[in-house]
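Quick note: the sequence shown, position 197, residue 197 per the numbering used here, numbers continuous.
Honestly, the hints are just simulated from the structure, not real lab data. Watch out, some of these pointers could steer you wrong.
[Stated by the list, open to error] Calculated lysine-lysine pairs in the BS3-like style (CA-CA distance at most 27 Å, straight line): (1) K187 - K535; (2) K266 - K256; (3) K278 - K355; (4) K278 - K187; (5) K319 - K266; (6) K266 - K278; (7) K294 - K319; (8) K278 - K319.
[Stated by the list, open to error] Quick list of the computed label-pair ranges, beta carbon to beta carbon: (9) L663 - S216: 31 to 37 Å; (10) L663 - P422: 34 to 40 Å; (11) P434 - S404: 45 to 51 Å.
Since the structure is predicted, the reported quantities are computational estimates derived from the model, not experimental observations. Don't be surprised by glycine CBs; every beta carbon is placed ideally from N, CA and C.
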Amino acid sequence: MTFGTLLNHPLPIPLAAVSVSAVLWLLPWVIATVIITVGIFVYGWNDVVRTHWQRVWAISGVCVTESLRRKVLWLTPLAMIGIVVVCQFQVAASPQDVIQQTTKFCLFASAMLVTVTAIILACTNLPREIETRIIFTIVTKPTTRLEIVLGKVLGYARVSALIIIIMGVFTLAYLQIRARPMIADLKSQMQTLPANSPIRASDEYYVNSGLLGTRSLVWGSDVEVYAAPPNGDENWSLGGVGQYILIPFALSQDNKKNLETLVDSKIPVYINFNLDVKFHKPDERQRREAREAKLEEGSNTKDNDFNVPVPETQPSAPKPLIPEVQVRFLNEARGMLVKMNVMDAGSRVTLKPTKAGSATYIGSMEIPSDVVLEAARLGRFYTQISPRTPATEFGVRGSAAWISVPIPQYAPIQMAVDANHPDRPAHAIFSSYPTRDGVRLTSTVWGDDPQPPDGPVAVFHFRNISVSPGNDGTVGLQIGVGVEKTGDFKDDPLHPNGYAQATLQVVNLTTGERSDPVTFSPETSRTEPVPINAKYLKGGNFDVLLRNTMPGQNLGILPGNDADTGAMALVTADRSFVINLIKSLFILWLLALLVVIIAIFCSTFVSWPIAVVLTLVILLAHWGVDQLGSALDRGTAGRTTVGQFKISDPSSAQVVAGTVDWLSTGLRGLSACLPDVEMFPVMEDIENGVSIPPAKVLGAMGVIFCYGLPLLVFSYVILRRKEVAP
């Protein structure tokens, strides 16, 4: 955890929860408080009691007048013209993209303008006044060095605020001008769209809420992927499409000791499964996949050299499929329990029915001894069951897995229990293997079964949510997924442009009502709002079902429950865009204030050209080191350098690698003590139409306190000890 990232949590940590992370979080606040207290109230107490705020305001007014005389405000019309010109070359897929890009251009231009202006004005002012001896007339008056520093910071903060206000008014007016004709175009387009068009839902949402709407969002819990919508008693995973089931285990101290004893005695330990199996009628593609994976009774063998099926006459009657799963063991972070347990043949388990004609199947496999020892060391782990047989569903009901040994005195180890209901097994986690944009959700169109499964379906859980419906009685669900085409979309008169297609459906857990599926068109790297009738969200406890309905298409779903990683969010309320813009501009002003303070600090002890460079280094060093990422990790940096320069001598390579590692560690440590500009999220939320949370504003203010105010104190101390007049 770095010094800058600790400021992501602007609220105090309760004393009862004091830990290492709490101490690290408090450290910058304590250091900043000590510096401010010693520098102002101890070292500079005499100047504090003599401080007169009228003199501070007068000095700031001189800075403002001088800046206006230097015609800095003439830069704002140039920035506006640049924004308008750039926007004319926009290439956007939808009106919402146009507004998002225009908002980004406006705020980026505002940030660049105010930052560059603040650096140039603040870095050049004090050195120029000392060089021209203008400061002589100030320091010989009853003006303290503290008043000089405060006045200059306040003055250039006022100039920055003036520029931001002008650019803010322009941004709001220009966005309104661009949005109005687009809303009219959307209304016209909706009149020509079919009722089941995949792009109609999003258009309807924007027409009702506006393109400049600002949404407050609540994110759903971690996504799960099923073969069919879940129910309380039994849930299903679909075979052959990359889905899997995680069975949790929590070992007691006795369990750990017993397992270690069994391994030492070379007694085998087994994992056992009890799964329900449903077979569906596979299509030709799925049957071919089953034959190639040897999951069809009497499957052809493969040529070892070319890995292709040996031709043989196709039987007249389809052969039954063999239910098979692949088993892995994962830690709580869902990483491999041991590295060697990856794709070995021993992890494939064939299931057999408990009796003839039964839908309940059982299976068993011996757990490798190294896995047993690692599981005993950790205590908590997952058994991952990946169904491999296509056109088949595997169901989990009750205790689906347990650990046993062939010795009567050792009782079986059951799966973990539910924390809220100790008499029940814990909930098994249903998910899918990752694709480029998250966990994979395959198409629902598959197989030749006249009654195919109801999935695959991704399920997002919302609990105890307060919902505020709009004037039209709907509530928006915001969904962001990645689209991966695995083939050409079939010809469809409703989708002449090849739109991706998916559906959303809401299941109200309080009333039991289920909404009709709402079709929409997802796009990669873009969030789509979909309106849902508010009655299905009544009570605040509901599940949202996402289905992929386009053949030849996979959806990637980020498995998270926050703004950075979540794929599904509920629009709890529509907020004012103006207020959101004000919050964004206020964060920008805080950034400008930090720039002014750093620039004045640098200008107190170096010439103005060096002060400009040093200010940029202090501002961007933390961000730059973060961008380098693992390249600066100890060990990696040294090995990379040795490899780049092809140093073959072992002793020389060791010296070079050690030196580079030492330098990279020092650079990381130095950057951790510098402000993080990413704590000033000017564009991130407002660009996506999301209400900026108070925590982000408080985080930016925390950087000002922990970095800005101490540098302000150092500026005063340096200036007080600096001889600037005879």
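Determine which of the earlier numbered hints do not hold for this structure and return their numbers in increasing order.
Violated hints (numbers, rising): 4, 5, 6, 9, 10, 11; every other hint is consistent with the structure.
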